[in-house]
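Start counting the sequence shown at 1; every next residue gets the next number (this note's numbering).
Careful, some of the hints might be misleading.
As the list claims (entries may be wrong) - In silico SDA-like links for lysine to any residue, alpha-carbon gap of 20 Å or less:
1. Lys148 - Val183
2. Lys25 - Ala178
3. Lys148 - Arg159
4. Lys148 - Arg60
5. Lys25 - Ala14
6. Lys111 - Ala178
7. Lys25 - Arg233
8. Lys111 - Met36
9. Lys148 - Gly160
10. Lys25 - Val35
11. Lys148 - Val163
12. Lys148 - Ala178
13. Lys111 - Ile181
14. Lys111 - Ala182
15. Lys25 - Val183
16. Lys148 - Trp158
17. Lys111 - Leu170
18. Lys111 - Leu99
19. Lys25 - Val9
20. Lys111 - Glu150
21. Lys25 - Glu150
22. Lys148 - Asn118
23. Lys111 - Gly121
24. Lys25 - Cys211
25. Lys111 - Lys148
26. Lys25 - Ala182
The hints are simulated quantities; they were obtained by calculation from the structure and are not laboratory data.
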Amino acid sequence: MFFNTVLVVLTDLAARFLGSAIFRKHFHLVLSVLVMFGPALSFWVSQHSVFAKKTHFLYRIFLRSGWGWTCIFVGSFVFLLSFSIRRSISLSIRHLSRLGVAGGLWVGFCKLLDLLENTTGSCYERLLNSPEVTNGQPLLVLREGASKSECLRAGMLWRGYEVSEDVFLLCLCCLLLAEEIAVFGPYLQLGGFSAYFPQFPTQLLGGALGCLSWRGLYQSWYRLGPSWYCPGRPGQGLLNTKTNGAAAEDKLNHNQCN
């Protein structure tokens with residue numbers, strides 16, 4: 001009962017905070033501060049970090065899937081909340097249509113920003129063999145008539161007026177989450193359920209099965225090494241591609257043993 005009470009209290013406090021008018025009115029100001037002063041963090045971010053390079057594969061996957069994860073989370077929340085209250089499919093679909101509108105807005109702005117960059121930009125070719133260097137960079141020669149896609153495919157540089165689609169998408173997702181989740185507070189005030197906590201015997205057995213499964217997989221079977229019958233431990237065979245990879249993998253193995 002104690003943990004159940006703590007969980008309910010924390011859920012109620014989070015719902016009231018997210019649903020408060022102060023949070024909804026000033027959350028965009030917090031994002032504005034992060035956008036304005038966020039570049040200052042580049043002085044402390046490692047160049048080898050996943051999010052340090054815009055062209056990094058994992059960074060692009062994270063960005064492209066950002067809208068998908070937002071739709072899955074927000075869509076599930078909106079549908080379950082609206083359907084549990086009214087039991088109406090049409091009403092739930094009407095509330096889900098807000099995600100469709102935001103998605104269409106995102107796609108439209110991305111097309112518009114891409115058109116803006118293509119219109120205002122130009123293609124440049126590096127002169128790597130040129131003896132003249134400006135500010136430590138090789139000279140660039142303007143190439144007329146090339147589009148952005150053709151320029152990049154040819155290995156040249158495209159310079160144009162660029163608006164960050166990454167920041168646009170992240171700000172849109174954060175503000176959308178804040179607006180949609182804010183209804184959870186009023187829902188609880190109407191007498192809605194805030195949390196489910198299993199009874200002691202069932203949660204004890206469930207936790208024991210989870211721990212035994214982890215012990216059997218990660219602490220026993222996966223330690224046998226990669227083979228046709230064993231996938232191996234996490235990171236095994238991945239961290240030894242560099243000179244310090246072996247040390248990193250040994251450290252990972254040591255941490256797993258502890």
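Results for each hint:
Between Lys148 and Val183, the direct Cα distance comes to roughly 44 Å. Violation of the 20 Å bound is thereby established for this hinted pair. As the CA atoms of Lys25 and Ala178 are separated by approximately 10 Å, the hinted pair is consistent with the 20 Å bound. At most 20 Å may separate the alpha-carbon atoms for a hinted pair to count; Lys148 and Arg159 meet this at roughly 9 Å. Distance restraint check for Lys148 and Arg60: the Cα-Cα separation of roughly 19 Å lies within the 20 Å cut-off, and the hinted pair is therefore satisfied.
Distance restraint check for Lys25 and Ala14: the Cα-Cα separation of roughly 17 Å lies within the 20 Å cut-off, and the hinted pair is therefore satisfied. For a cut-off of 20 Å, the pair hint linking Lys111 to Ala178 is broken: about 26 Å separates their Cα positions. Proximity of Lys25 to Arg233 is assessed by CA-CA distance (about 47 Å); at most 20 Å being required, the pair is judged violated. A C-alpha spacing of about 24 Å is found between Lys111 and Met36, which places the hinted pair above 20 Å, so the restraint is violated.
Pair hint Lys148 plus Gly160 holds up; C-alpha atoms about 9 Å apart against a cutoff of 20 Å. Between the alpha carbons of Lys25 and Val35 the distance comes to roughly 17 Å, so the proposed pair stays at or under 20 Å and holds. A threshold of 20 Å between alpha carbons decides the hint, and for Lys148 with Val163 the separation of about 15 Å falls inside it, so the pair holds. Distance restraint check for Lys148 and Ala178: the Cα-Cα separation of roughly 36 Å exceeds the 20 Å cut-off, and the hinted pair is therefore not satisfied.
A C-alpha spacing of about 29 Å is found between Lys111 and Ile181, which places the hinted pair above 20 Å, so the restraint is violated. A C-alpha spacing of about 30 Å is found between Lys111 and Ala182, which places the hinted pair above 20 Å, so the restraint is violated. Distance hint between Lys25 and Val183 is fulfilled; the C-alpha atoms sit about 14 Å from each other, no more than 20 Å. Annotation: proposed proximity of Lys148 to Trp158 holds, straight-line Cα distance about 6 Å (limit 20 Å).
For a cut-off of 20 Å, the pair hint linking Lys111 to Leu170 stands: about 17 Å separates their Cα positions. For the hint pairing Lys111 with Leu99, the CA-to-CA distance comes to about 18 Å; that is within 20 Å, so the pair holds. Our distance criterion of 20 Å between C-alpha atoms is broken by Lys25 and Val9, whose separation comes to about 24 Å. A hinted pair counts as satisfied when its Cα atoms are at most 20 Å apart, and Lys111 with Glu150 qualifies at roughly 18 Å.
The straight-line distance between the Cα atoms of Lys25 and Glu150 is roughly 44 Å, outside the 20 Å bound, and the hint therefore fails. The straight-line distance between the Cα atoms of Lys148 and Asn118 is roughly 6 Å, inside the 20 Å bound, and the hint therefore holds. For a cut-off of 20 Å, the pair hint linking Lys111 to Gly121 stands: about 15 Å separates their Cα positions. Simply put, Lys25 and Cys211 have alpha-carbon atoms about 44 Å apart, too far for the 20 Å limit, and the pair is violated.
Distance hint between Lys111 and Lys148 is fulfilled; the C-alpha atoms sit about 14 Å from each other, no more than 20 Å. For a cut-off of 20 Å, the pair hint linking Lys25 to Ala182 stands: about 12 Å separates their Cα positions.
Comparing the model with each numbered hint stated earlier shows that hints 1, 6, 7, 8, 12, 13, 14, 19, 21 and 24 do not hold.
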